Amino acid sequence: MISKSIKKTLQSLEQKDISIRELNQEYIKKIKEKSNLNIFIHFEEQKILDQVTELEKDNSNKRLKGIPLAIKDLFCTKNMPTTAASKILENFNPTYESFVTQKLLDDGAIFVGKTNLDEFAMGSATDTSYFGNTINPLSADDTPLAPGGSSGGSAAAVAANLCLGATGTDTGGSIRQPASFCGVVGIKPTYGLCSRWGIAAFASSLDQAGVFTHNVEDASILLESSAGFDKRDSTSANVKIPNYFENLNDDISGKTIGIPKEYSIDGTPEEVSQIWEDAIKVLEKKGVKIKNISLPHTKYALPTYYIIAPAEASSNLARYDGVKYGYRSKEINSLDEMYENTRGQGFGKEVKRRILIGTYVLSAGYYDAYYLKAQKVRKLIANDFNEAFKECDLIVTPTAPSAAFPLHQEQDDPIKMYLNDVFTVPASLAGLPGISIPYGKDKNNLPLGIQILGKHFDEQQVLNGALSLERSNG
Amino acid sequence: MKIDKNTINKIARLSRIKIEDKESEDYIKDLNSILDWVEQLNEVNTDKVEPLSNISSSILPKREDVSKDVNSSDEILENAPDKLEGFFAVPKVVE
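Each protein sequence line maps, in turn, to chains A and B.
Numbered by our numbering, the letters in the first sequence go through residues 665 to 1138 in order.
Numbered by our numbering, the letters in the second sequence go through residues -19 to 75 in order.
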């Protein structure tokens, strides 16, 4: 029996209860058994065994030596293709390694494969992938559920125990929401804590890498390995990365927790409100001060996000032109026709929808009315949090307005789909760190999640709060 | 309706994305509903509010302005759909 904890697995490896090879062979077996869930875009047994062989020759001490991790297929990896779940990058083999994955490799992690996601991370159900849906491992046999998105493959890989941890990226909730849907821990650190270098860009002022794990302790271990300053990303923060794991402390008595009244939204299912109240009561019992706070511009976060993110995406995705890498259409009688056919055929519907809307809001005559306006409202949203954090240390909310929903349920109505991110987007716009931990169940026995937000670069306190809540959760 | 057939064609052209006639109906519907929905931002008074474009609280770092000689053209061309004598190749532009 292999532990689901990175910490315990490292101990087993050290005590030679299990070898790196045996451990990873066990995970290879699990991945093969669950291939029906379509969690991986790229999985090759031999590549995992090759990494094991390399590590066996290495006598140095590494903090993640031999630990099997899954990598969202948005991170460029030298050893495996990188598709961003798009036809336009179907055959792309990066010649370089992303900052985050290089750091994990340097620490001795083993990559078991590249996980499925919404195309270019645009979606909330992992249903816009060119490589098909991922199925939430918690689904009952007759109703396949969505794993959430965009990092749905990574969340599902951890939930199905096909790895001990996984990387994700979060632009408006793409780590926290799938973590909630799959019943695992997912942390999005402060904007700038993990370098974006080598991650296919979606919305650069919002994109941030983070991790999925089975528990909060492991999240602290993996976050420490992924974070750090990188001069190749101009928004990378030059801050000292604390030893999150060593400093973990579940005693948060005396801290003040803010409860924003604007997060009580009409139409939120009773069970979601219930677990929120339960979490607040539990924290109160632990000696935390509860303070009602107000984030008055919360309701404007989603429309702000859905101007800014597509605008930045339309600019970032201009690089996919069929010239430098990726797919090129066969119908190319002229240069312009090549661009238009390549992009028309290479991108999926949601990506095209966002490029079109982004192009519109940036186009002459509309820039001030949409993009500039959204940036100003974004400032007000960020100010709300600055004010709130003068009165509290952490903010606690639900992660998502529902548990996992059936596949294909909300695909046809973009706005309904966007509402999934209602609790996660505001913190993204403000660049704040946030974690989702599994907390309680809905009436169908599906996991729900609690989100804990902290001040910029206060990941330690976010992790401590999460640990405290996790340990009270049976 | 903010977006009609002409507008969608214009945006598609600006984006260099070919959209089929049958698709464009869907995009017109979707984009209009999204634009109607974001309209609510006009309720917010943003006079005298500075736009927020960079949320990193740290100051952008400077580096020494020194040139570096890197010859990586083979690497750069490795994923090119078409290449010729060390260059990216594209369809003929001038007749």
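Among the hints, a few may not be true.
[Stated by the list, open to error] Straight-line alpha carbon distances no greater than 25 Å define the calculated DSS-like cross-link-like pairs of lysine-lysine that follow:
#: 1; chain 1: A; residue 1: Lys963; chain 2: B; residue 2: Lys9
#: 2; chain 1: B; residue 1: Lys63; chain 2: A; residue 2: Lys751
#: 3; chain 1: A; residue 1: Lys988; chain 2: A; residue 2: Lys751
#: 4; chain 1: A; residue 1: Lys904; chain 2: B; residue 2: Lys42
#: 5; chain 1: A; residue 1: Lys693; chain 2: A; residue 2: Lys721
#: 6; chain 1: A; residue 1: Lys742; chain 2: B; residue 2: Lys48
[To be verified] Label-pair distances were calculated between CB atoms; the ranges are:
#: 7; chain 1: B; residue 1: Asn12; chain 2: A; residue 2: Glu720; range: 52 to 62 Å
#: 8; chain 1: B; residue 1: Asn51; chain 2: A; residue 2: Thr807; range: 54 to 64 Å
#: 9; chain 1: B; residue 1: Asn(-14); chain 2: A; residue 2: Glu1055; range: 31 to 41 Å
#: 10; chain 1: B; residue 1: Asn22; chain 2: A; residue 2: Asn743; range: 47 to 57 Å
#: 11; chain 1: A; residue 1: Leu713; chain 2: B; residue 2: Asn(-14); range: 52 to 62 Å
#: 12; chain 1: B; residue 1: Met(-19); chain 2: A; residue 2: Glu948; range: 20 to 30 Å
#: 13; chain 1: A; residue 1: Asp1000; chain 2: B; residue 2: Leu64; range: 18 to 28 Å
#: 14; chain 1: B; residue 1: Asn25; chain 2: A; residue 2: Lys925; range: 19 to 29 Å
Keep in mind that the hints were calculated from the coordinates and are not lab data.
Keep in mind it's a predicted model, so treat the numbers as computed, not measured.
All C-beta atoms in this analysis are idealised placements derived from N, C-alpha and C, irrespective of residue type, glycine included.
Kindly confirm whether 47 to 57 Å is satisfied by the beta carbon distance between asparagine 22 of chain B and asparagine 743 of chain A. holds, 50 Å
Taking 52 to 62 Å as the stated bounds, is the beta-carbon spacing between leucine 713 of chain A and asparagine -14 of chain B within them? holds, 58 Å
For lysine 963 of chain A and lysine 9 of chain B, compute the direct alpha-carbon distance and say whether it is at most 25 Å. holds, 24 Å
Take a look at whether the Cβ-Cβ distance between aspartate 1000 of chain A and leucine 64 of chain B falls inside 18 to 28 Å. Holds, since aspartate 1000 of chain A and leucine 64 of chain B (Cβ atoms, about 20 Å apart) stay within the stated range.
Taking 54 to 64 Å as the stated bounds, is the beta-carbon spacing between asparagine 51 of chain B and threonine 807 of chain A within them? holds, 56 Å
Please work out if lysine 742 of chain A and lysine 48 of chain B have their alpha carbons no farther apart than 25 Å. Holds, at roughly 23 Å.
Range hint 52 to 62 Å (beta carbons of asparagine 12 of chain B and glutamate 720 of chain A) holds or violated: For asparagine 12 of chain B and glutamate 720 of chain A the Cβ distance comes to about 60 Å; the hint holds.
Should the hint that asparagine -14 of chain B and glutamate 1055 of chain A are 31 to 41 Å apart at their CB atoms be regarded as holding? Violated, since asparagine -14 of chain B and glutamate 1055 of chain A (Cβ atoms, about 51 Å apart) do not stay within the stated range.
Quickly compare the C-alpha distance for lysine 693 of chain A and lysine 721 of chain A to 25 Å and report which way the hint goes. Status holds; Cα separation ~24 Å.
Can you let me know if the beta-carbon spacing of methionine -19 of chain B and glutamate 948 of chain A is within 20 to 30 Å? violated, 51 Å
Is the Cα-Cα distance between lysine 904 of chain A and lysine 42 of chain B 25 Å or less? Within the cut-off at roughly 18 Å; holds.
So the hint says 19 to 29 Å: do the beta-carbon atoms of asparagine 25 of chain B and lysine 925 of chain A match that? holds, 21 Å
Of the numbered hints given earlier, the model fails hints 9 and 12; all others are met.
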